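Chains as they are written, first to last, in the working numbering: chain Y, 336 to 691; chain L, 24 to 345.
Take these hints with a grain of salt, some might be off.
To be verified - To give a feel for the contact side, a few chain L residues facing chain Y, derived at Cβ under 8 Å:
| no. | residue |
| --- | --- |
| 1 | R115 |
| 2 | I124 |
| 3 | S127 |
| 4 | I134 |
| 5 | V342 |
| 6 | Y343 |
Claimed, not checked - Examples of chain L residues toward chain Y, derived with CB under 10 Å:
| no. | residue |
| --- | --- |
| 7 | S114 |
| 8 | G119 |
| 9 | H122 |
| 10 | M131 |
| 11 | K153 |
| 12 | G157 |
| 13 | G172 |
| 14 | M263 |
| 15 | A292 |
FYI, nobody ran anything at the bench for these hints, they're computed from the structure.
Model, not experiment: these values are computed from the prediction.
Glycine included, C-beta positions come from ideal geometry on N, C-alpha and C.
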Amino acid sequence: MGDILTFAEAIREAQEQCMAKDPSIFIMGLGADYANGCDGTAAGLADKYPGRVFDTPCSEGATTGFCTGAALAGLRPIIYHGRVEFALFAFDQLVTQAAKWNYMFGGDSPVPAVYRIAVGRRWGDAPQHTSVLHSIFGHVPGLKVVIPSTPSTAKGLLIAAIADPNPVVFLEHRWLYNIKQTVPADMGGYPLDAAHIRPGRDLTLVTMADTYFEALRALPALKAAGIEPEIIDLVSLNPVDYVTILESVVKTGRLLIADVGTKAFGVGSEIAARACENLYVYRKLKAPPVIVSAPDCPCPMAPALSEAYYPVADTIIDAVAKMPGPWTKIKREGRKDFHKLHLPPTENIDELEAWE
Amino acid sequence: MDSFQYLEAFRQMLRIRMVEERLVTEYLARNIRSFVHFYIGQEAIAVGVCMNLRKEDLVFSTHRSHGHYLAKGGDLRRMVAELFGKEAGCSRGRGGSMHLIDKSVGFMGSISILASVAPIAVGAAYALKKQGRGNISVVFVGDGAADEGGFYESVNLAALMEVPVLFVIENNLYAGMSPGIARHPKIFNMSKIASGLGANYIKTHGNSWPRTFNAVHYCIDLMEQNQQPGVIEFHTFRHMAHSGPLFDDDQGHRIEDPLEVRQRECPVARLRDIILKDKLATEQALESLVEPIEEEIEEALKFAEESPHPSPDDLLKGVYYG
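The task is simple: from the sequences and hints, build the whole structure.
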């Protein structure tokens with residue numbers, strides 16, 4: 336059994352439990368040892384594990400390389416970057432150093448480090464604090480990249496990421512930090528390469544991070560219109576679990592990808608291409624794959640604009656309605672108030688997933 | 024220091040020099056298809072640093088790393104095989120000249136993006152400290168790498184964390200072909216910067232082995248005393264061009280250090296002169312060092328030539344560990 340934890344608490348618990356078992360694990364990041372360190376995901380850990388949770392200079396490149404070096408010399412580092420835009424300072428360290436290290440030195444040089452990077456929307460955060468940029472990380476051979484959507488997945492994936500001998504980029508969608516779920520207290524790691532599937536019939540709906548949450552929000556309206564989507568929580572961006580996705584597409588004949596970032600050269604485009612590239616899957620398609628995503632522009636601050644920016648439940652509903660299928664009208668949620676659209680949700684995922 | 028150390032230093036520097044001169048021939052014969060940066064002219068630094076280290080001390084380096092790898096005790100045969108792109112190479116042919124590794128002697132890897140290696144060495148030093156091993160981490164960078172922000176971030180981080188890391192700047196005056204005067208204002212002062220960040224800073228002549236050896240010895244003592252990192256800046260000359268078996272004197276930028284100046288300051292010749300002048304060894308004793316090295320090099324070349332190429336079937340292996 337376990338307690339009902341928020342997404343942030345689940346991440347905290349994963350670290351707390353792993354650190355108890357393995358003294359070589361440490362956490363570093365700006366403000367990591369504050370009372371509410373790392374957006375609450377390290378709260379209390381500095382007191383519990385003295386000297387193993389520490390603050391850093393604003394030197395994202397150096398602190399990230401520091402983790403790689405510590406991993407090479409036998410420790411298991413976790414670094415937290417509170418905004419992906421700051422993690423870009425460390426892009427060389429992630430993409431050119433950590434990712435290539437094992438390959439370019441002949442395959443016997445593991446880098447067991449976890450690079451936690453917070454991504455995504457939060458109200459008022461404007462263009463430079465709201466990027467996701469997940470597809471860029473998925474593009475890089477040598478990195479494992481996961482993007483959890485629920486508290487349980489976050490905990491299970493982080494446990495596995497810490498244990499993995501490879502560099503793992505752990506993308507945390509900040510908007511999800513307050514969603515809740517019953518999380519097993521004693522659990523092992525989840526596979527870093529396996530998508531999660533909620534079975535359905537009429538279309539394959541591939542989601543990730545907050546679009547999984549939005550897909551669950553769209554579920555009642557879709558079901559009311561007689562549509563049973565098979566919802567896939569992508570989980571991993573490198574490698575992508577194409578077997579699960581393509582098997583589902585073969586079954587449903589329709590593919591809708593709800594991407595969490597902008598569209599160009601994105602995860603949605605990649606998955607759509609793979610479905611069309613495979614002749615067997617292609618012939619099973621009853622309609623062209625559809626991608627919903629944020630538009631190809633920076634995320635604006637003004638609420639009046641940002642409410643048109645995020646892909647939300649209604650964006651998914653509209654896209655399904657437009658797909659050729661045996662359905663007619665689907666009732667939209669309609670315009671939301673500021674609170675519902677912009678403030679982080681606190682719903683219990685178990686309740687949303689159980690909706691029939 | 025006794026005469027044995029001088030003789031050993033000379034042997035190691037001569038060996039590095041002879042290996043690289045032989046590699047020039049192999050490069051021109053197109054047996055080496057790896058991008059190569061020759062270390063010729065800077066040997067007193069690698070040997071002066073590494074003769075101060077224990078096997079368990081860790082060394083990181085950049086693209087011009089043949090000398091560092093060999094001075095730390097890296098396997099010559101596997102280095103040559105690496106340059107030949109062979110499976111028996113130290114990086115199984117995946118890395119080439121810029122990516123040497125021999126973890127069995129603490130040579131942790133060389134990379135080609137300049138200062139990017141600096142924080143990695145700092146992190147390794149942190150691990151050494153946490154593990155209570157009493158060893159240090161050393162990172163070789165060039166003066167070009169010391170232009171990059173990552174270098175300064177790393178010295179600051181090392182001083183803040185009080186970790187045992189020694190930054191060795193080999194200032195050969197050029198980053199690629201860009202001279203220091205094109206890259207820094209006239210008042211540029213690395214001493215103030217490094218000291219200001221909290222590091223023990225030493226600047227000295229990099230072509231004199233007694234000076235390089237003693238500077239490192241002194242700096243490591245200071246580091247132990249005050250728990251602060253070390254930054255040593257060695258002034259030296261790169262005999263050849265930035266990369267390849269070429270000279271760059273025709274490019275018009277070598278005004279104060281033409282080839283004759285660089286060769287006059289040759290560290291191998293200088294050490295030979297000291298040894299003979301102080302009668303630390305006879306000319307004959309120095310000459311007798313040559314043949315075993317020649318044999319070792321020929322044996323390494325034969326090993327590399329006869330080793331198999333990696334199989335294209337293994338192209339994707341090693342992207343992930345395990």
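Outcome of the hint check:
For L:R115, the suggested interface contact is upheld, since its CB lies about 4 Å from the closest CB of chain Y, less than 8 Å. The closest approach between the C-beta of L:I124 and any C-beta of chain Y is roughly 5 Å, which is under the 8 Å cut-off, so the hint is satisfied. For L:S127, the interface hint is violated, the least distance from its beta-carbon to any beta-carbon of chain Y being 11 Å, above 8 Å. Against a cut-off of 8 Å between C-beta atoms, the interface hint on L:I134 holds, since the closest Cβ of chain Y lies about 7 Å away.
Annotation: L:V342 was flagged as interfacial toward chain Y, and the flag holds, the nearest CB pair being 5 Å apart, inside 8 Å. The closest approach between the C-beta of L:Y343 and any C-beta of chain Y is roughly 5 Å, which is under the 8 Å cut-off, so the hint is satisfied. Restraint check, L:S114 versus chain Y: the minimum CB separation of about 4 Å is within 10 Å; hint holds. Proximity of L:G119 to chain Y holds as hinted, the smallest CB-CB distance being about 9 Å (cut-off 10 Å).
Because the smallest distance between the Cβ of L:H122 and any Cβ of chain Y comes to about 5 Å, under 10 Å, the interface hint for this residue holds. For L:M131, the interface hint holds, since its Cβ comes within 10 Å of a Cβ in chain Y; the closest pair sits about 6 Å apart. For L:K153, the suggested interface contact is upheld, since its CB lies about 7 Å from the closest CB of chain Y, less than 10 Å. With a cut of 10 Å, the hint placing L:G157 at the interface with chain Y is violated, because the nearest CB-to-CB distance is about 14 Å.
Hint status for L:G172 relative to chain Y: holds, with the closest Cβ pair at about 7 Å, below 10 Å. The beta carbon of L:M263 is not positioned within 10 Å of any beta carbon in chain Y (closest approach about 24 Å), and the interface hint is therefore violated. Violation of the interface hint for L:A292 is found here, the shortest Cβ-Cβ separation to chain Y being roughly 35 Å, above the 10 Å cut-off.
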